[in-house]
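First to last, the protein sequences are chains A and B. Just add 64 to the spot in the first sequence (first one is 1) and you have our numbering. Just add 86 to the spot in the second sequence (first one is 1) and you have our numbering.
By construction, these hints were calculated from the structure, which means they are not laboratory data. Note that the Cβ used here is the ideal one computed from N, Cα and C, for glycine as well. It is possible that part of the hints are untrue.
[Said to hold, decoys possible] To be clear about the criterion: a stretch of chain B counts as covered by chain A if any three or more of its residues have a C-beta under 8 Å from a C-beta of chain A, and this derived list gives those stretches:
hint, segment
1, 142-156
2, 159-172
3, 211-222
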Amino acid sequence: MNFLQQLRLGFRSLLLHKLRSALAVLGILIGVTAVIWLVALGEGVSYQAQQQIKNLGATSIIVRSIKPTEEANRESGSRSGIAYGLLRDDYDRILANVPTITKAMPMREINREVRNGEFAIDATLVGCTPEYFDINRLGIERGRPLSAADMEYLDNVAVLAYEVAERLFPIEDPVGRAVQIGDEFYVVIGVAEQRTASAAIGGSLAARQYDKDVYIPLSTFRARIGDRVITVRGGTFQNETVELNQITAVVDDMKAVDSSADIIRDLLRRYHKSLDYAVVVPKELLEQAETLRTMFNVLLLLIAGISLLVGGIGIMNIMLATVTERTREIGIRRALGATKGEIVQQFLWETVVLSGTGGLLGVAFGFLCGPTVALVRRTISELFPEVWSSLPPNIRDLEPLLAPWSIAAAFGISVGVGIIFGIYPARRAANMDPIEALRHE
Amino acid sequence: MSSVATENRPETGRDVVASVRNVTKVYRLGGEDVKALAGVSIDFHQGDFVAIMGSSGSGKSTLLNLLGCLDRPTTGQYFLGGNDVATLDDESLSRVRGRYLGFVFQSYNLIQQLSVVENIAVPLAYQRPANPDGPELCLRLAKLVGLSGRLGHRPNQLSGGQQQRVAIARALVNNPHVILADEPTGNLDTATSLEIMDLLDALNNAGRTIVMVTHEPDIAARAKTVISLRDGKIESITHNG
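Just chain A, with the same shape it has in the complex:
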């Protein structure tokens, strides 16, 4: 019998017991679909994380100021409030001592209300240098970014994040208009492109919402706002002095990232008594994310393996019943010239047809992952908007990514399961004594 005849015979034998075969197929189908969906969701999540980390720049090293804990405050505390974090001297030292750094960018940030007449928004006022846009890969939609001249002349100019621009200037073009920050007015010179938030990574780097930013030159920041910030909290004045919130250093080569980060850590340790800074290396995060992703995929394959194992046991169960039921047929075929090998083949084909059908249907359902997620998303956001808005953006924006390898693997494993779990029943069929089998009622 050729391949097609075997396949046809397998299908027909299975159609004798439609419900039973359908249930066996269902077992494999669910397993295969589960693999594809889980991997797609996992890939979606890890892609998101990787994109966010990549946006930080794989060749960059981020040093951030961290506010010391309350106890540490009290020790070093004075009536003039606390001073912590990175210093402008740190920036100079890093530039002077780490030769692999090609670009470095100091940054200062603070929350301030930004107004345009009656329109107001609580924005993050970011004092930065012109490199900011380049290093953070933040495009400019309208107008121009900050320039070296702006820095030099301490100009009152601002680049608005997309959402800030939308909120403050719902109708007119903000470029050329003025916004009010505190007592000062700043001329809007540009609007940044829309940008999704970066991830909060392992506690070392808070999530960064780019859409509430207002960028002004760092020199202007220092002149107009200064290092000391007084806030009122719980009825008392809090007084913080911070020179820089963040220094982003970019090295020329991926290979130099780790050693450069070590030098920076060394430098900072020498000049800082307390640990009021953190060094974050996106490349390390990327590697961690990659490892995590691999672990995740292995775990998924394990789960998938288990579910397919269960499906396989279902198939074996059914094939054993089939073999017992068809003892007579086996006897007839043996008498008419079928060898043991040919009987094994016949029953193996049936299990492969079962598991292969399950596999193919599973792949078909696997492709429905994207539309299903979209449907669920739409349903939740329309029927339960408050639930929807309470979900973290990572989940709201999650796009499952179908991994071709998972489709191939799931289908391959399902057929493999069919063969492995089919061998025992098939051998049992083949090893029947033809005389006994013919006598079987």
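The hints should help you fit chain B onto chain A, whose structure is shown.
What follows is chain B alone, placed relative to chain A:
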């Protein structure tokens, strides 16, 4: 005491298609040896129509299983198609069955999920090399047994006599040296039995070698030669007409 069927046959000179020599078969049952066949020798010639008779326990089923290559003798030799079946392994036995033998069973033994024409074709699936004229041959055989109009029917849509006709067509599809029929009319009424025997007669007249096991004397009487077994030995050989 063994006897050779050919010794007192009137016709000579025809080819021997199957030959059993001094065959014994011993089963172990509950620690005791039971001799089902105690030395049997028979030659079957081209065109023979042999009925094997005997009471239950006479060894006729055992002999038929051996002739059908479904079992191997404990001692002795069985030549079929140039092979000594006693020495063959399981796979070769399968090949020998598929190539040299056609089976007709008491309970027809058709495969229920297959149609008439597909049932006829079953042995072709195990032919090496494959028969290129298979499909055409099946249609011709269906016509020969008078079932041209029911090619697509399933066995459960056919009467007993029709099912046995399908089985006979199936037994012919590999052009066997010997057709083995095990109580071919055992499940049929008298009229249908006669029709089936007429069909077997016709095949025999066309040169087919048929070996039939039966316990009905009037069915056995349709054969040219009747071999009676008792206690695993040949008791008598009778030539009809």
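Here's how the hints hold up against the structure:
1. Look at the segment 142-156 of chain B against chain A: 3 of its residues bring a Cβ nearer than 8 Å to a Cβ of that chain, three or more, so the hint holds.
2. Here's how the segment 159-172 of chain B fares: 0 of its residues keep a CB closer than 8 Å to some CB of chain A, so the rule of at least three is not met and the hint is violated.
3. Residues of the segment 211-222 of chain B with a Cβ under 8 Å from some Cβ of chain A number 3, which satisfies the need for three, so the listed coverage holds.
Of the numbered hints given earlier, the model fails hint 2 alone.
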